[in-house]
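A.B. asks: The primary structure of each chain is shown beneath.
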Amino acid sequence: MLELEDVHKWFGNLHVLKGISMTVSRGEVVVVIGRSGSGKSTILRCINGLEPIQQGRIMVDGEVVDAHSRHVRKIREEVGFVFQSFNLFPYYTALENVSLALKIVKKMPLAEARSIAEEMLARVGLSDKLDAYPDRLSGGQQQRVAIARALAMNPKLMLFDEVTSALDPELVGEVLKVMQDLAEGGMTMVVVTHEMGFARRVADRVLFIHEGQIAEEGPTAQIFTAPRNESLRAFIESIL
Amino acid sequence: MSYTFHWEVPLRNLPQFLWGALATLEMSGVACLLGLLVAVCAALARLSKHRFLRGAATAYVEAIRNTPFIVQLFYVYFGLVVVGVNLEAFSVAIITLTINCGAYSTEIIRAGIQSIHRGQTEAGLSLGMTHWQVFRHVILLPTLRVVWPPLASQFIATMLGSSVASQISAEELTYAGMMLESRTFRTFEIFFFITILYFLMARLFSFLFSLTGHKVFREAWGQL
Ligand SMILES: Nc1ncnc2c1ncn2[C@@H]1O[C@H](COP(=O)(O)OP(=O)(O)O)[C@@H](O)[C@H]1O
Ligand SMILES: [Mg+2]
Numbered sequence: 000m001l002e003l004e005d006v007h008k009w010f011g012n013l014h015v016l017k018g019i020s021m022t023v024s025r026g027e028v029v030v031v032i033g034r035s036g037s038g039k040s041t042i043l044r045c046i047n048g049l050e051p052i053q054q055g056r057i058m059v060d061g062e063v064v065d066a067h068s069r070h071v072r073k074i075r076e077e078v079g080f081v082f083q084s085f086n087l088f089p090y091y092t093a094l095e096n097v098s099l100a101l102k103i104v105k106k107m108p109l110a111e112a113r114s115i116a117e118e119m120l121a122r123v124g125l126s127d128k129l130d131a132y133p134d135r136l137s138g139g140q141q142q143r144v145a146i147a148r149a150l151a152m153n154p155k156l157m158l159f160d161e162v163t164s165a166l167d168p169e170l171v172g173e174v175l176k177v178m179q180d181l182a183e184g185g186m187t188m189v190v191v192t193h194e195m196g197f198a199r200r201v202a203d204r205v206l207f208i209h210e211g212q213i214a215e216e217g218p219t220a221q222i223f224t225a226p227r228n229e230s231l232r233a234f235i236e237s238i239l
Numbered sequence: 000m001s002y003t004f005h006w007e008v009p010l011r012n013l014p015q016f017l018w019g020a021l022a023t024l025e026m027s028g029v030a031c032l033l034g035l036l037v038a039v040c041a042a043l044a045r046l047s048k049h050r051f052l053r054g055a056a057t058a059y060v061e062a063i064r065n066t067p068f069i070v071q072l073f074y075v076y077f078g079l080v081v082v083g084v085n086l087e088a089f090s091v092a093i094i095t096l097t098i099n100c101g102a103y104s105t106e107i108i109r110a111g112i113q114s115i116h117r118g119q120t121e122a123g124l125s126l127g128m129t130h131w132q133v134f135r136h137v138i139l140l141p142t143l144r145v146v147w148p149p150l151a152s153q154f155i156a157t158m159l160g161s162s163v164a165s166q167i168s169a170e171e172l173t174y175a176g177m178m179l180e181s182r183t184f185r186t187f188e189i190f191f192f193i194t195i196l197y198f199l200m201a202r203l204f205s206f207l208f209s210l211t212g213h214k215v216f217r218e219a220w221g222q223l
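Residue numbers (numbering that gives the first Met the number 0), protein chains in the order written: chain G, 0 to 239; chain C, 0 to 223.
Hints are computed from structural coordinates only; laboratory data are not their basis. For clarity, every value in this text was computed on a predicted model and none was experimentally measured. There could be a bad hint or two in this list.
Unchecked claim - Residues on chain C that point at chain G, a partial pick, calculated with CB under 8 Å:
1) A110
2) Q113
3) I115
4) Q119
5) E121
6) A122
7) S125
8) L126
9) M128
10) H130
11) H136
12) V137
13) P141
14) T142
15) R144
16) S181
Claimed, not checked - Under the rule of at most 25 Å between Cα atoms (straight-line distance), these lysine-lysine pairs were calculated in the PhoX-like manner:
17) C:K214 with G:K102
18) G:K155 with G:K102
19) G:K106 with C:K214
20) G:K155 with G:K105
21) G:K128 with G:K102
22) G:K105 with C:K214
23) G:K176 with G:K155
For every residue, glycine included, the Cβ atom is placed at its ideal position computed from N, Cα and C.
Just chain C, with the same shape it has in the complex (with noise of 0.2 Å):
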């Protein structure tokens, strides 16, 4: 049994690899900042005293964490086809992704914010903040300070996640890989190509959020 290899196939089509990595990139980047938004808000929703906000954040993430990333996004896809929203592909695996890594970085959030009780709220008023002030400089920024390394760690897992989206044929990093394998039957050779590059990738997003977590909590409100 012999197998030759034919590397030129891939790197014929490197273009098409760079441009799928591209998508993936703005795709999960994407829905890594909206999930954001949407975990500090939920995390909030589950902290407050009102029952309703409880709830509806308790079910969103235990629907989202008890459930598939595969079956969410079918759901999703063919969810919004029967309420008669015609989305492209790309934006339904957007929609789901910041879905799914909302809930997932919700809890850990929350588990951050948790450590944060009232009466450090009540030291920061009488400090004379506002309660704006508390709720930025004593609750977020110190949250997102210590939670920064496993919301990365969540990050770079939605990141690769996203590749499950070329199954509803959002035009992505794997998607391209299985479109080259299709023509050309290099499998092997093309999915070497593509594991590098999620590789890099999420390097590269490490990267990325020490830099920013260097960046914005330290400098700008640490006094390190």
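With the rest of the complex left out, here is chain G (with noise of 0.2 Å):
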């Protein structure tokens, strides 16, 4: 489903992403860990072709991405991506901000939209938030809006950044409940996170990011209980 191979990616002269490599297949759930700074933000920004590459492959599904061809407007509607900050469009209601890239990208009807929207935010657990703006919602309710929005364009692969980290400790549960009912549905996904109980409940596999490279992936209970890596040990006890 989802295919990195050999990856570079340079800011200016910082040498961001060192040769990235890796798979991950149909249903699979992998976990990023990694310190700030590591390169995780920039894997999935690359992936979703936010962020061009300099040097190797991606692909998805099949398809090559390429942040500076117009295809890769068709590769982002088939991945959808949870941004740490939220980014729901503010002027928007939690029904407007999954209903509108229904209508603009996907060119449904208005009917149609809301009733696919209806749908999502009623997966999400937000049924009675319909028509609330942004900044009448809690953190973890906008996260969850946020969740919706990426679902109600079918995607093949969800990326997940640190979406949990901006949350106050008692929201983080119910976002956390959300992603774990996706996972158990079958759902690709690809979440970076420093929740380790999340983790360990919910993926198949963690990568370890250390300085632009993978210093070391396996199963879950691996990576935890018998990390090789150095300093995945000194990470893992930091986070502890």
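Two chains, two separate frames, one set of hints: put the complex together.
C.D. replies: See the structure below:
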């Protein structure tokens, strides 16, 4: 479903991704961990074509991601992205946030877009907030709207970039619950997170990114109980 | 001291008043539409990453907001003559009103756009929108929808302010009143009529605005 082959990314002189290769199969949930600044967000942004890469290849469902081509929009329709800072459209209601792209990207008639949006918001437990504007929603609710907005496009792959990091601790659970449901429903997911409980429950595999490289990868249990890499061991200690 | 009202003076000259009112509507309507265009561009320039664009837009807004309208009007009127451009007073009034209304509206629109961050633009792109779609649906239209009420107040202020154009003999409502006054000396009756007409036009502006606001932004883009 997703394949990265020796991906390199520079920001000016800064070599941020130094040869990332990874494969994610259909229905798999891969958790990505690593210190701040190690390049986790950049990996997700490259997969979605929000950042161009300078070397290597990224394939989503057999199609090459080229940030500069028009075709990248087709791929973005099929890849949902959920951001740490929610990024809801502030002047649209929850329902409008979810249905906007259905109307203007998928060119759906209003009634159909609306019914899909309602269904998605119900799925994330927000049926009673359809007409609420983002500033009237808690962080957890906003993030669930953002997930519903991505899901409405019916993506094949979902990318989550530290989606609970900006939340008050008591709101983290409701978002993780939605993500777990999604994983159990068979969605292919790449999840950057520091929620180790979530990783243990949901992830099939964990990747540890260190200084722009995959320093270690393996089944969840092994990564947490028997880390081989020195920096991984230090990292796990630091977050426990 | 007794004053005999001569209401027949304005009543007899009603066509002149109505003609003046239409001229005011035309002058200020055109200026508001053009001013809106100017304001959208200037607001984007003020928020742009290019320092020159930002500086130019800021200079424009500050220059206009910190000088009196009548001075701007004379400036444009005589300035154009100096550079050899001879325009009718009516056109000069439209140009100056556009510049003036544009500057005030720039600040209104900029404040609205500022609540939309780069992250929201990326969210739009990540849903498969084109840059143009993001600009239109994520930035411009929702911003206009939110700033429509303060814009309406600004446009009404512009319409009322257009009476100053009478000072360069642009033919609009106040000018029509002044002409009639100089022939008949019925100052009170004439300006009472003019007051009523301005008031009615301001209400008309308000009404048109809420109507377009609902039509354009709710039915076309919202789902309510
Ligand atoms: N747009 C950018 N321009 C320049 N440097 C960037 C940009 N985005 C990220 N970086 C740098 O790339 C590195 C990796 O960033 P990021 O992928 O955000 O890390 P993480 O998500 O793991 O915290 C950091 O050193 C960061 O400063
Ligand atoms: Mg990050």
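A.B. asks: Compare the structure with each hint and give your call.
C.D. replies: Structure-based check of all given hints:
1. A110: Since the shortest Cβ distance to chain G is 13 Å, the answer is violated.
2. Q113: Check failed: Cβ of C:Q113 comes no nearer than 11 Å to chain G, outside 8 Å.
3. I115: 6 Å, holds
4. Q119: Holds, because the Cβ-Cβ distance from C:Q119 to chain G comes to roughly 5 Å (cut-off 8 Å).
5. E121: Holds - the Cβ of C:E121 comes within 8 Å of chain G, reaching about 6 Å at its closest.
6. A122: Constraint on C:A122 satisfied, holds at 4 Å.
7. S125: At 4 Å from the nearest chain G Cβ, C:S125 passes the 8 Å test, so the hint holds.
8. L126: 4 Å, holds
9. M128: At 6 Å from the nearest chain G Cβ, C:M128 passes the 8 Å test, so the hint holds.
10. H130: 10 Å, violated
11. H136: With Cβ-Cβ at 6 Å, under 8 Å, it holds.
12. V137: 6 Å, holds
13. P141: Holds, about 3 Å.
14. T142: Holds, about 7 Å.
15. R144: Result: holds, 6 Å to nearest chain G Cβ.
16. S181: 51 Å, violated
17. C:K214 with G:K102: Answer holds: C:K214 to G:K102 is near 18 Å, not above 25 Å.
18. G:K155 with G:K102: 19 Å, holds
19. G:K106 with C:K214: 20 Å, holds
20. G:K155 with G:K105: With a Cα-Cα distance of about 15 Å, the restraint between G:K155 and G:K105 holds, given a limit of 25 Å.
21. G:K128 with G:K102: Distance of about 20 Å is within 25 Å: holds.
22. G:K105 with C:K214: 23 Å, holds
23. G:K176 with G:K155: 20 Å, holds
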